[in-house]
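> So the chains spell out like this:
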Amino acid sequence: MYDGGVYRSDELYELIEDVGGTVLQRTRSSQMLTVTMSVPGEDRPMVEKLCRELGGEIREVPLAGTEIAVVGPTLGRHHMPHPICDIAEQLRQYGAISVVMGLARGRGKATSQISLEEIRIIEEYDVAIMMMGNFKSCIESKTHIFEKIETPVILVTGPMPEGVDDLCEAVIPGIGRKAERMRTVPERAKLTEVADMVMKVLENKRRLLEEDPLFVHPAELKQLLEEYEPIDMSLRPAPVVLHMDGLRVKIPYAENREYLDNLEVYGRRLSEVARITPSKISDSSTIIRIMTDSEVRDRDMRQKEG
Amino acid sequence: MNIETTGTEPYGCEAYKELFRNIMSDIGKGILIDEAMIMLRPEVPLFVFSVMLKAEPDNKRISDAASLRIEGDDVFITISDERYAPDILSQLWKRYTRANVDQQTRFDIVIKNADMDEVADIEISSGEETKKEILGAVWRSMPEGIRVRFNQTDGRVLTIMATEEIVRPEMKEEARIIHAEMLARSRGEADV
Numbered sequence: 001m002y003d004g005g006v007y008r009s010d011e012l013y014e015l016i017e018d019v020g021g022t023v024l025q026r027t028r029s030s031q032m033l034t035v036t037m038s039v040p041g042e043d044r045p046m047v048e049k050l051c052r053e054l055g056g057e058i059r060e061v062p063l064a065g066t067e068i069a070v071v072g073p074t075l076g077r078h079h080m081p082h083p084i085c086d087i088a089e090q091l092r093q094y095g096a097i098s099v100v101m102g103l104a105r106g107r108g109k110a111t112s113q114i115s116l117e118e119i120r121i122i123e124e125y126d127v128a129i130m131m132m133g134n135f136k137s138c139i140e141s142k143t144h145i146f147e148k149i150e151t152p153v154i155l156v157t158g159p160m161p162e163g164v165d166d167l168c169e170a171v172i173p174g175i176g177r178k179a180e181r182m183r184t185v186p187e188r189a190k191l192t193e194v195a196d197m198v199m200k201v202l203e204n205k206r207r208l209l210e211e212d213p214l215f216v217h218p219a220e221l222k223q224l225l226e227e228y229e230p231i232d233m234s235l236r237p238a239p240v241v242l243h244m245d246g247l248r249v250k251i252p253y254a255e256n257r258e259y260l261d262n263l264e265v266y267g268r269r270l271s272e273v274a275r276i277t278p279s280k281i282s283d284s285s286t287i288i289r290i291m292t293d294s295e296v297r298d299r300d301m302r303q304k305e306g
Numbered sequence: 001m002n003i004e005t006t007g008t009e010p011y012g013c014e015a016y017k018e019l020f021r022n023i024m025s026d027i028g029k030g031i032l033i034d035e036a037m038i039m040l041r042p043e044v045p046l047f048v049f050s051v052m053l054k055a056e057p058d059n060k061r062i063s064d065a066a067s068l069r070i071e072g073d074d075v076f077i078t079i080s081d082e083r084y085a086p087d088i089l090s091q092l093w094k095r096y097t098r099a100n101v102d103q104q105t106r107f108d109i110v111i112k113n114a115d116m117d118e119v120a121d122i123e124i125s126s127g128e129e130t131k132k133e134i135l136g137a138v139w140r141s142m143p144e145g146i147r148v149r150f151n152q153t154d155g156r157v158l159t160i161m162a163t164e165e166i167v168r169p170e171m172k173e174e175a176r177i178i179h180a181e182m183l184a185r186s187r188g189e190a191d192v
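So the protein sequences, as listed, match chains A and B.
Sequential numbering of the first sequence, starting at 1, is according to this note's numbering.
Sequential numbering of the second sequence, starting at 1, is according to this note's numbering.
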């Protein structure tokens, strides 16, 4: 990730393109610029040299190209802003796009619930971090909130709960409900532990994708989509967000269906190699989930037979 | 502020002690609290927070938090209790308008064409308001889903019991016992 000024940033974009890399995320705030990029390892010294010349800093961001949801029981002041926002901020430092959300009825021990719509929204993300409180019995009785979510869930709690190991990917105890910012040394270490766990969980997902790779890499598809005028002209921050197995494109599917379905990717229509659906959060975004090679082959075979 | 927690979960007890302290400091009421007794039984769920204030909150006037003198038609105020500075300023603005209130330094204010006795008598903080704010902070400290509450207030002791659904008589009884204990402690200290 390059963190510096906008002055001569065009040279950086040109170099990334020349070495065959790609810009994953570009965020400009006044005269400051952060660019998350992916470049071949052998060209990294050259990119670093240019970044130093431009007066910027460059650092490795292991969670680049992922979108992570940090979910609290509600958006009430009992749970916000700490520690949910502290975790989301930590993940941003690691290069992830992180969002914070609260359930509509997640509070209480006996009365807490999660709706199907909320589950579907959380499943749009690469990883979900569920925040729970300080009481063991309460956490153990609220497993229904996260057990049906298909995306990997990391449970962040105060005390260590029992009997939840099979219901989530990992449990990180020692945080719980807090009323002030996590700024002490042990608290910062806990935040690092959360980010490291996210990396570990994503590494498992990445390994599965290496065994059966996607038909097209999300970053390649992003480059194609960025040429489309509604995306190019979009004023929303990060109009295309990378996921491990696809993208979130911030244009409405209903209005751009024809373009998205028929976009040519390696000689195929995008709708043949990806599942394209409107986002459950709002109709103004579209979720593209790219199929793996084996899924595409399987689909082709079934079409031939049928 | 002395905080005592009892409950079935040691981690929760420690965490809530810290949480209560932080929330009270956050709203600036920690200084008013002498003692707090917190009972946490999440398995029921039943939570009782009993708070003993250092003194029963009463109405404060400008003369309680500042010294006043008059020079010609102008009244000069020097704030001695910083906590009330924003309240003093806002009440003066309300009564005399911004044009007539000149804040020369953080603690020095001059009011043009005012009567000193009238200024001294302006109420800047009501006791009821303070109690309400402390109650609000206690509710904020409690877990969010625990919304069915039963409050008791006597002199400088406030006790709040909360549960998730139905308040049973034995829950109220437990709250009453804790309230009575805190009340006895407050009287014991008053006798000394």
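Just so you know, not all the hints are guaranteed correct.
What the hints assert, rightly or not - Computed spacing ranges between beta-carbons, pair by pair:
id, chain 1, residue 1, chain 2, residue 2, range
1, B, Asn-2, A, Glu-140, 29 to 35 Å
2, A, Pro-252, B, Val-148, 39 to 45 Å
3, B, Pro-10, A, Pro-45, 30 to 36 Å
Stated by the list, open to error - Reference listing, derived: stretches of chain A covered by chain B, where coverage requires no fewer than 3 residues with Cβ under 8 Å from a Cβ of chain B:
id, segment
4, 74 to 82
5, 92 to 103
6, 134 to 142
What the hints assert, rightly or not - Take a look, some chain B residues computed to stay more than 10 Å from chain A by CB distance:
id, residue
7, Met-1
8, Asp-26
9, Pro-45
10, Leu-68
11, Ile-70
12, Thr-97
13, Ala-120
14, Ser-126
15, Lys-131
16, Glu-144
17, Arg-147
18, Glu-165
19, Val-167
No lab work stands behind these hints, which were simulated from the structure alone.
A quick note: this is a predicted structure, and the numbers were derived from the prediction, not measured.
No residue lacks a Cβ here, since even glycine has one placed at the ideal position from N, Cα and C.
> Now tell me, hint by hint, if it's right for this structure.
Do the hints match the structure? See the list:
Against the hinted window of 29 to 35 Å, the Cβ-Cβ separation of Asn-2/B and Glu-140/A comes to about 32 Å, which satisfies the hint. The hinted range of 39 to 45 Å is satisfied by Pro-252/A and Val-148/B, whose Cβ atoms lie roughly 43 Å apart. For Pro-10/B and Pro-45/A, the Cβ-Cβ distance of about 53 Å falls outside the hinted range of 30 to 36 Å, so the restraint is violated. Counting residues of the segment 74 to 82 of chain A whose beta carbon lies closer than 8 Å to any beta carbon of chain B gives 5, which meets the minimum of three for the stated coverage.
Figure legend: the segment 92 to 103 of chain A, annotated as covered by chain B; annotation inconsistent (0 residues with Cβ-Cβ distances under 8 Å, at least 3 required). Check result for the segment 134 to 142 of chain A against chain B: holds, 5 residues qualifying (beta carbon to beta carbon below 8 Å, three or more required). With a cut of 10 Å on Cβ distances, Met-1/B stays outside the contact zone with chain A, its closest approach being about 15 Å. Under the 10 Å C-beta cut-off, the non-interface status given to Asp-26/B relative to chain A is violated; the minimum distance is some 7 Å.
A Cβ of chain A approaches the Cβ of Pro-45/B within 10 Å, the least distance being about 5 Å, so the stated non-interface status is violated. For Leu-68/B, the requirement that its beta carbon stay farther than 10 Å from each beta carbon of chain A is met, with the minimum near 38 Å. Annotated as non-interface, Ile-70/B keeps its C-beta farther than 10 Å from every C-beta of chain A; the closest such distance is 45 Å. Every C-beta of chain A lies more than 10 Å from that of Thr-97/B, the closest at about 35 Å, which supports listing it as non-interface.
At roughly 37 Å, the least C-beta separation between Ala-120/B and chain A is larger than 10 Å, which holds for a residue marked as non-interface. Ser-126/B, annotated as away from the interface, keeps every beta carbon of chain A farther than 10 Å; the closest lies near 24 Å. Annotated as non-interface, Lys-131/B keeps its C-beta farther than 10 Å from every C-beta of chain A; the closest such distance is 20 Å. Residue placement check: Glu-144/B does not keep its beta carbon more than 10 Å from all beta carbons of chain A (closest about 4 Å).
The claim that Arg-147/B lies off the interface is violated: its Cβ sits roughly 8 Å from the closest Cβ of chain A, which falls inside the 10 Å cut-off. Glu-165/B, annotated as away from the interface, has a beta carbon of chain A within 10 Å; the closest lies near 7 Å. For Val-167/B, the non-interface assignment is confirmed: its Cβ lies about 14 Å from the closest Cβ of chain A, beyond the 10 Å cut-off.
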